[in-house]
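Line by line, the protein sequences are chains A and B.
Using my numbering, the letters of the first sequence map in sequence onto residues 1 to 254.
Using my numbering, the letters of the second sequence map in sequence onto residues 1001 to 1077.
Among these hints, one or two may not hold up.
Straight-line alpha carbon distances no greater than 16 Å define the calculated EDC-like cross-link-like pairs of lysine to aspartate or glutamate that follow [claimed, not checked]: (1) K59(A) / D80(A); (2) K1048(B) / E60(A); (3) K150(A) / E9(A); (4) K1048(B) / E81(A); (5) K90(A) / D80(A); (6) K1076(B) / E9(A).
Please keep in mind that the hints were generated in silico from the structure rather than gathered at the bench.
The lines below spell out each chain.
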Amino acid sequence: MFPHFNLNEYIMQHVSNSHEWHLPFWGPLPLPGILTLHALMMFIAATIVLLLFLVIYRKEDRVPTGMTNCLEMFVVFIRDEIAVPNMGEKDGLSFTPMLCTTFFFILMMNLLGLIPLFATATGDVNVTGPMAFLIFILLTLGTLARNGLKGLWHALIPSTLPKILIPFFLITEIFSLMVRSGALMIRLFANMMAGHMVILSFLGLFVLFGWVACPAILMAVFIYCLELFVAFLQAYIFVLLSAVFIGQMYHPEH
Amino acid sequence: MNPQLLHLGQISAGAGVGLSAVGMGIGVGMIFASAIQAIARQPELTNKLQTLMFIGVALVEGVAFFCAIICFLAIKG
């Protein structure tokens, strides 16, 4: 049907970053300077989050209704199920704003990618990498600032360890911190990118084979619904695991 | 459709993704099986167990996607 269609190039072009935004009627819109497509998506997601919480959220209602109720449901869920059980009362309450910001930002970026003309900013390592790096900074420098060097030592190494094993354990624990943050980054990035690649592959099958590939469109719709679920789930998993790791470092059980 | 000679990167990428999919399928199946059994034993814990189940699925799928990304890089180089 379309003779010059290269499936590989089609998928990679839609999934990776670029300096233009391909709109349907105005053609490719060149983005100025250092602003790339994924950076623009991050700005749009941040604007939506700010709009939701500063403008749409009404503080003066005694009983929350509508969007206010929906946002409160999410925030209360993050406070009561993620922050406080993992980080204790005091730390949980003070970390809830940061966890809520992370959750809503990642959720908005994931959901924006599902709208046909927009791109997924979290499907890029350069976006999820710094977020995971911030969590890593919170784990190491945060423990240092909060509990001091002794606190960092007690968080990494259990007190009942024989002295001979301490260098080995130290190396393993530092490596484990880095690997866990790296896993946070790769989990979110790979889920988002792979989901979009699957949808684009199914649509590309239809272009390649013509009308016999109609069931591929149905599969693409099904995977699209799965992507919607995965968007929420991955944001929740990122925030949950950050809360668990921070709780483990700030309040070590051993 | 242009036929092209497959090189080693493409063959190994396919094999890698297939193997990781086997692991992920077994893992997710075990998680769901134990979750269903636990819910059958104690229906009042459905919400808590469902939350744990989804966390388990996300973690196992994360590993499989990580392998998929590496295999995708193997196709290129």
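Structure-based check of all given hints:
{"no.": "1", "hint": "K59(A) / D80(A)", "result": "violated, 20 Å"}
{"no.": "2", "hint": "K1048(B) / E60(A)", "result": "violated, 33 Å"}
{"no.": "3", "hint": "K150(A) / E9(A)", "result": "violated, 53 Å"}
{"no.": "4", "hint": "K1048(B) / E81(A)", "result": "holds, 10 Å"}
{"no.": "5", "hint": "K90(A) / D80(A)", "result": "holds, 12 Å"}
{"no.": "6", "hint": "K1076(B) / E9(A)", "result": "holds, 12 Å"}
The structure is inconsistent with the numbered hints 1, 2, 3, although it conforms to all the rest.
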